[in-house]
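K.L.:
Residues per chain are reported as follows:
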Amino acid sequence: MPVAARARWVLAVATSVALVATGCSSSGGGGSSSSDASKTFSYQSSEPQNALQPANANEVGGGRIIQNLFKGLVDYDPTNAKIRMQVADKIETSDSQTFAITLKDGWKFHDGTPVHAKNFVDAWNWGANPASNQINSSWFSDIEGYQDIHPATGKPTVDKMSGLTVTDDLHFTVKLSHKVSYFEYKLGYIAFSPLPDGFFKDPAGYGQKPVGNGAYQFVSWAHNSQVVTKAFPDYQGVDKPKNGGIVFKMYTTAEAAYADLQSSNLDVMDQVPPSALATYKNDLGDRAVDAPQGAIQNIGFTLYQADWAAPDKAKVRQGLSMAIDRDVITKTVLQGSRKPATAWVAEGVEGYKDGACGDFCKFDPAKAKQLIQDGGGVPGNKLLITYNADGGHKEWVDAVCNSIRQSTGVDCLGDPKPDFKTARAAITGHQINGAFRTGWVQDYPLNANFLSDVYRTGAASNDFGYSSPQFDEAATKADEAPSVADTVTGYQQAEAVLPSGMPAIPLWYYRTNSGYSSKVQNVKFDSFGNPAWTQVEVKG
Amino acid sequence: MGRFVARRLLQMIPVFLGTTALIFFMVHLLPGDPLAALWGDKAPDPVQLAALKHQQGLDQPLLQQYLSYMGNLLTGDFGTSLDGRPVLDKITDALPVTVRLALFAFAIEIVVGIAIGLFSGLRRGKLFDKGTLVLTLLLIAIPVPVLGFVVQTVFGQNLKWVTPTVQDSNDITQLVLPAVVLGSLSLAYVARLTRTSIAENIKADYVRTAVAKGLPRRKVIGTHLLRNSMIPVVTYLGTDLGNLMAGAIVTEGIFNVQGVGHALYQAINMKEGATVSGFVAFLVLVYLAAGLIVDLLYAVLDPRIRYA
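Those protein sequence lines, which keep their order, are chains A and B.
Numbering that gives the first Met the number 0 puts the first residue of the first sequence at 0, with every later residue one more than the last.
Numbering that gives the first Met the number 0 puts the first residue of the second sequence at 0, with every later residue one more than the last.
If you're looking for bench data, these hints aren't it; they were derived computationally from the structure.
Please read all numbers here as calculations on a predicted model, not as lab measurements.
Some hints could be false.
Sample of chain A residues with no beta-carbon within 12 Å of chain B, all distances over it, derived [said to hold, decoys possible]:
no., residue
1, S34
2, R83
3, D110
4, D196
5, K200
6, V237
7, K241
8, Y303
9, G335
10, K352
11, P378
12, L383
13, A459
14, S482
Straight-line C-alpha distance at most 20 Å; calculated SDA-like pairs for lysine to any residue [claimed, not checked]:
no., chain 1, residue 1, chain 2, residue 2
15, B, K52, A, N132
16, B, K52, A, T421
17, B, K52, A, T152
18, A, K518, B, Q156
19, A, K154, B, G56
20, B, K52, A, P129
21, B, K159, A, N264
22, B, K159, A, S262
23, A, K518, B, V161
24, A, K208, B, T79
25, A, K518, B, K159
26, A, K154, B, D58
27, A, K154, B, P45
28, A, K518, B, N157
29, A, K154, B, H53
30, A, K518, B, Q166
31, B, K52, A, P155
32, A, K476, A, S176
33, A, K38, A, N264
34, A, K280, B, T152
35, A, K208, B, R84
36, A, K280, B, N157
37, B, K159, A, D282
38, A, K241, A, V218
39, B, K52, A, A203
40, B, K159, A, A151
Where is the CB? At the ideal position from N, CA and C, for every residue including glycine.
Isolated chain A (complex conformation) (with noise of 0.2 Å):
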């Protein structure tokens, strides 16, 4: 999904990937010590802004509190990011579109009954249908029979998706109205946890005092102060808490969270605020985290424009991403807190491939000026960059600005709207005038999940208007391989359709800058930015 503002709308997926560990967060401050498993630590929250089911969760108040209590199918391995089986034995296909999914025996809800295939239908049928007033709902789309439960217009014709069939306690089969051959990499996603079955009789309880099967099991929720989990101890899966437990704390300002870490009344932090960034590894010592996340920001264009729609505009495209001196603005104005795009796929996904912009990402502005004069120039030699006044986005986007008016002469300016939705409604309103702030955070770890729903023709987020035959073939054939490695290779090659065309001009991609208390160890961030929670040690 895209990058957003102020609220991290981040979709978080199930415990992953502790990606590079910089040296600095591989073992606990002063060393690794022996630890107690009994002992919970606090990790810096928000007031989750939903009830806590796990298909109305897309903000990372509630995802993280989520993806704890409730474990799906499979989720991504916290060393490599792969995609690495739970609850799901086996996760079988043929012709990418029928799944036959295998589950393994002995998972428990927290309530102690058992996890059957029938807790899986059940709640993908629950979520799916509009009266139950999931945001995640579209999630389920892929899945046959979604349009009748999920009607565009009218009431639901039937309350169960025909494409899901229970075979027993312990085999159901999911067949999709398509093929999408990276289907079991949506499953990673928190909207497709199991549900118990006291769940159905009241939603709106258990969405106060969530029932799951994932490694911690809920105690408690005092609105606005915190909510308490403990490790589950019949919990089945391939990462067994090293830890008693987590306490989620609400925090207004991230200040204040910085404030609490540094004095130990805070275990693990999110990220520190930007006005610390430049002290925090002074601050922390080797208790400080700098690590890469699956995010991009780019500056998107109003190719629906006709100003911006001739073809001879992607080669002024290409000079304006030229004219940006991405090293020195993330080194100097963003303090290190990003790291230069040279893709349209964040680093450490699946199928990221280094350098895929080629040329056009790299500061040549001698070049920059050629190419902008070759395509007809700027459209009024003037460059309007879109933004919401709310994100900290000013320092950088003046930064980009000043570096495209230094190297080719275009005049550029900021144009900030007051507010994330403000800006959004005015994107997606196509009341844009040239450019805006754009970018996307990873629902799961695929390149796919970064090209597919931005680019594709018609796309949902593809706020560009973007529209190439080349990569739209090249992402249907990709969806339509025989499997995942095949699929991820289709991907970059639809990527290699993107640097002709320029429809966004990639950044950088954003880091976990982050954290921890001298009382915890063995703390690292997944690409996601969460820690791996059950990995997590108490000091003893």
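Assemble the complex: chain A is given as a structure, and chain B must be docked to it using the hints.
P.N.:
Coordinates of chain B only, in the frame set by chain A:
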């Protein structure tokens, strides 16, 4: 007196209706769709969006939304916020925290502010008076965030006397630091107002008469001078109590206090009409009540003021 109070109470009704209506429509005018924003950057699913709109009653004409909101309000139903929790729950969560913090800060500014003001007024031109001038100017000049961060760093992180932020918003002993920061600015104003008023009245005829009658100094100051000098201070305190209750977003943010300020800020950001209106309706009542109490206090402090 009774008629005065009754009239003031009656006047509150149109004021209350007017302010809540204004807020309700102003929230509606804020840009962006609050329900679409639930999907973040992602394009909302139109079917689900329509279903949610219908459930929240947002698909009805604005006037009808307002009328049904006011109708529910009369029966004590403050509506439901977008996250499915009753707005009244949110108010009853945040309000006790803010009341405690506000009263704490209020007590500090009254006790310390009036005491400092009294002493420097009595010792006009002396060292204490000059010291007070410097101190109060300093407090007025330092922005609240700066003071908050300095206090937090010194007492919370360096000296470790308290935790840097409030760990439990319902524990009043943890509210000392935020209350001091919150009360400091008003404390300076109260001290300045008291000092000026005292310094002026000390030359008044009734003080000279009281001294001439041979009343003890304590009684001259306590009964005659201080009481008469309180009118401008009480006026200020009345409005200030309202301000403190409305929450201090900055102070609450620094010390992580989960009070009205933060709740209101979030609700405005999310464009949650029902929540914003609910909180504001409550705050309007607080303001009106504080105004009435101030007016009544005038009569108590100065017998020349009469309400018919």
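K.L.:
It remains to establish, for every hint, whether it holds in the given structure.
P.N.:
Hints and how they fare:
With a cut of 12 Å on Cβ distances, S34 (chain A) stays outside the contact zone with chain B, its closest approach being about 24 Å. The Cβ of R83 (chain A) sits about 26 Å from the closest Cβ of chain B, beyond the 12 Å cut-off, so the non-interface label holds. Its beta-carbon lying about 22 Å from the closest one in chain B, D110 (chain A) satisfies the requirement of being farther than 12 Å from that chain. Interface exclusion of D196 (chain A) from chain B stands, the closest Cβ pair being 22 Å apart, more than 12 Å.
Distance check on K200 (chain A): its Cβ is at least 17 Å (rounded) from any Cβ of chain B, clearing the 12 Å threshold; non-interface status holds. Residue placement check: V237 (chain A) keeps its beta carbon more than 12 Å from all beta carbons of chain B (closest about 30 Å). Distance check on K241 (chain A): its Cβ is at least 25 Å (rounded) from any Cβ of chain B, clearing the 12 Å threshold; non-interface status holds. Listed as a non-interface residue, Y303 (chain A) keeps its Cβ farther than 12 Å from every Cβ of chain B; the least gap is roughly 16 Å.
Distance check on G335 (chain A): its Cβ is at least 23 Å (rounded) from any Cβ of chain B, clearing the 12 Å threshold; non-interface status holds. Look at K352 (chain A): its CB is around 24 Å from the nearest CB on chain B, clear of 12 Å, so calling it non-interface holds up. Every CB of chain B lies more than 12 Å from the CB of P378 (chain A), the least distance being 26 Å, so the non-interface label holds. Chain B leaves L383 (chain A) outside its interface by the beta-carbon criterion, the shortest separation being 19 Å against a cut-off of 12 Å.
At the 12 Å boundary, the C-beta of A459 (chain A) falls inside the reach of chain B, the nearest C-beta of that chain being 4 Å off. Against chain B, the non-interface label of S482 (chain A) holds: every CB pair exceeds 12 Å, the least being about 28 Å. Restraint check for K52 (chain B) and N132 (chain A): the C-alpha separation of about 10 Å stays at or below 20 Å, so the hint holds. About 19 Å separates the Cα atoms of K52 (chain B) and T421 (chain A), which keeps this hinted pair within 20 Å; it holds.
Distance hint between K52 (chain B) and T152 (chain A) is fulfilled; the C-alpha atoms sit about 15 Å from each other, no more than 20 Å. Proposed proximity of K518 (chain A) and Q156 (chain B) is supported: the alpha carbons are some 16 Å apart, at most 20 Å. Between K154 (chain A) and G56 (chain B), the direct Cα distance comes to roughly 18 Å. Compliance with the 20 Å bound is thereby established for this hinted pair. For the hint linking K52 (chain B) to P129 (chain A), the alpha-carbon distance of about 12 Å falls within 20 Å, and the restraint holds.
Under the criterion of a C-alpha separation no larger than 20 Å, the hint pairing K159 (chain B) with N264 (chain A) is consistent with the structure, at around 11 Å. Of the supplied pair hints, the one linking K159 (chain B) and S262 (chain A) holds, its CA atoms being roughly 8 Å apart against a limit of 20 Å. Our distance criterion of 20 Å between C-alpha atoms is met by K518 (chain A) and V161 (chain B), whose separation comes to about 19 Å. Taking the CA atoms of K208 (chain A) and T79 (chain B), the gap is near 19 Å; set against the 20 Å cutoff, the hint holds.
Note on K518 (chain A) and K159 (chain B): the hinted pairing holds, with a Cα-Cα distance of about 17 Å set against a maximum of 20 Å. For the given pair, K154 (chain A) sits about 17 Å from D58 (chain B) by alpha-carbon distance, which is consistent with the 20 Å threshold. Between K154 (chain A) and P45 (chain B) the alpha-carbon distance is near 13 Å, which keeps this suggested pair within the 20 Å criterion. The straight-line distance between the Cα atoms of K518 (chain A) and N157 (chain B) is roughly 19 Å, inside the 20 Å bound, and the hint therefore holds.
Distance hint between K154 (chain A) and H53 (chain B) is fulfilled; the C-alpha atoms sit about 13 Å from each other, no more than 20 Å. Between the alpha carbons of K518 (chain A) and Q166 (chain B) the distance comes to roughly 17 Å, so the proposed pair stays at or under 20 Å and holds. For the suggested pair K52 (chain B) and P155 (chain A), the alpha carbons sit about 17 Å apart, so the restraint of at most 20 Å is met. Taking the CA atoms of K476 (chain A) and S176 (chain A), the gap is near 16 Å; set against the 20 Å cutoff, the hint holds.
Restraint check for K38 (chain A) and N264 (chain A): the C-alpha separation of about 15 Å stays at or below 20 Å, so the hint holds. Taking the CA atoms of K280 (chain A) and T152 (chain B), the gap is about 18 Å. The hint holds against a cut of 20 Å. Our distance criterion of 20 Å between C-alpha atoms is met by K208 (chain A) and R84 (chain B), whose separation comes to about 14 Å. For the given pair, K280 (chain A) sits about 19 Å from N157 (chain B) by alpha-carbon distance, which is consistent with the 20 Å threshold.
Distance check on the hinted pair: K159 (chain B) and D282 (chain A) sit about 16 Å apart at the alpha-carbon level, within 20 Å; holds. For the proposed pair K241 (chain A) and V218 (chain A), the alpha carbon gap of about 18 Å is at most 20 Å, so the pair holds. Between the alpha carbons of K52 (chain B) and A203 (chain A) the distance comes to roughly 18 Å, so the proposed pair stays at or under 20 Å and holds. Using a Cα cut-off of 20 Å, the hinted pair K159 (chain B) and A151 (chain A) is violated, with the two alpha carbons roughly 59 Å apart.
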